[in-house]
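Chemist: Sequence:
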Amino acid sequence: MKTTTCIAIMMAALTACDKSGSFNNKNKNMNQKEKVNDVAGRKNFGARHPIMTPQPCIMIATYDENQVPDVMMAAWGGQCDYDKITFELGAHKTTENLKLKKAFTVSFATEEDMAQSDYFGLVSGNNVPDKVKRAGFTATPSPNVDAPIINEYKLTLECRVVEMEEYADGGARVVGEVVNWSADESILNADGKVDLAKLKPIIFDSSALIYRAVGDSVGQAWLSGKKFQ
65 MKTTTCIAIM MAALTACDKS GSFNNKNKNM NQKEKVNDVA GRKNFGARHP
115 IMTPQPCIMI ATYDENQVPD VMMAAWGGQC DYDKITFELG AHKTTENLKL
165 KKAFTVSFAT EEDMAQSDYF GLVSGNNVPD KVKRAGFTAT PSPNVDAPII
215 NEYKLTLECR VVEMEEYADG GARVVGEVVN WSADESILNA DGKVDLAKLK
265 PIIFDSSALI YRAVGDSVGQ AWLSGKKFQ
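Numbering of the sequence shown is given in the working numbering, commencing with residue 65 and proceeding in unit increments.
Hints in this document: simulated from the structure, not taken from any laboratory. From the three backbone atoms N, C-alpha and C, an ideal C-beta is built for every residue, glycine too. Among the hints, a few may not be true.
Here are the simulated distance ranges between beta carbons [to be verified]: (1) Trp245 with Pro114: 35 to 43 Å; (2) Leu287 with Ser250: 25 to 33 Å; (3) Asp147 with Ser288: 23 to 31 Å; (4) Ala104 with Pro205: 56 to 64 Å; (5) Leu273 with Asp194: 23 to 31 Å; (6) Asn208 with Cys144: 35 to 43 Å; (7) Arg106 with Ala232: 32 to 40 Å; (8) Asn101 with Leu260: 46 to 54 Å; (9) Glu175 with Asp102: 38 to 46 Å; (10) Asp259 with Gly200: 38 to 46 Å; (11) Leu273 with Gly110: 43 to 51 Å.
Using the sequences and the hints given, assemble the complete structure.
Modeler: Here it is in structure tokens:
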């Protein structure tokens, strides 16, 4: 797949785990000293920092107790049911807001807003409460959940928290139910469907610590493999 590398360094704090690797510490089965067998003919890395690809750049927006909007970037997330998404977070302002409001919106970083999205992951709402404004972005209250819609993001899911497993270190695993999603008409195709070629979302390359653009179409789902039937 053809890809274009976006010039940006991804800080470890942008991922949904914290710098100490607390997610690995929670998994009692992940023993870094455990002896593993090498796979012949390949370079073996053990269990530390496995590469999962692609990793999304999801932008989680929440309100605090004073209805101040906050946004952070997370990479450890995905869809877990037809109308549900899930993600892992360390101890962040967003985590505290989720515990309080039980609601959030999710948008997706794109080539156009890569720098602003990166900034949202670099600074904490605990230290920079007006970071949405500093990035030149604006927020509108969701009409469906107690969370902000970041107007500059062109694809947004409005979600309520239906499951939240809190960790001793302040982090959490969150499952959210999508109650509505909306898209700016500029990213729709002639059939009224979202066109990712127009949205131009970016993904996190956890091997090189960079952002990459989503590549060109290389085949049709549920059709390209029929030649093997």
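Chemist: I want to verify a distance hint. Is the separation of the beta carbons of leucine 273 and glycine 110 within 43 to 51 Å?
Modeler: 19 Å, violated
Chemist: Given a hint of 35 to 43 Å, does the C-beta separation of asparagine 208 and cysteine 144 actually sit inside it?
Modeler: 20 Å, violated
Chemist: If I claimed the Cβ atoms of tryptophan 245 and proline 114 lie 35 to 43 Å apart, would that claim hold in this structure?
Modeler: 30 Å, violated
Chemist: Range first: 56 to 64 Å. Now tell me if the beta carbons of alanine 104 and proline 205 are that far apart.
Modeler: 57 Å, holds
Chemist: Look at the Cβ atoms of arginine 106 and alanine 232 and judge whether their distance stays inside 32 to 40 Å.
Modeler: 36 Å, holds
Chemist: Given the range 23 to 31 Å, decide if the beta-carbon distance of aspartate 147 to serine 288 lies inside it.
Modeler: 27 Å, holds
Chemist: Please test the hint of 38 to 46 Å on the beta carbon pair from glutamate 175 and aspartate 102.
Modeler: 39 Å, holds
Chemist: For the range 23 to 31 Å, tell me whether the beta carbons of leucine 273 and aspartate 194 fit it or not.
Modeler: Given about 28 Å between the Cβ atoms, the range holds.
Chemist: If you check the beta carbons of asparagine 101 and leucine 260, does the distance land in 46 to 54 Å?
Modeler: Since the Cβ atoms of asparagine 101 and leucine 260 sit about 40 Å apart, the hinted range of 46 to 54 Å is violated.
Chemist: Should the hint that leucine 287 and serine 250 are 25 to 33 Å apart at their CB atoms be regarded as holding?
Modeler: 28 Å, holds
Chemist: Does the hinted range 38 to 46 Å hold for aspartate 259 and glycine 200 at CB?
Modeler: 25 Å, violated
This entry does not satisfy hints 1, 6, 8, 10 and 11, going by the numbered hints stated previously.
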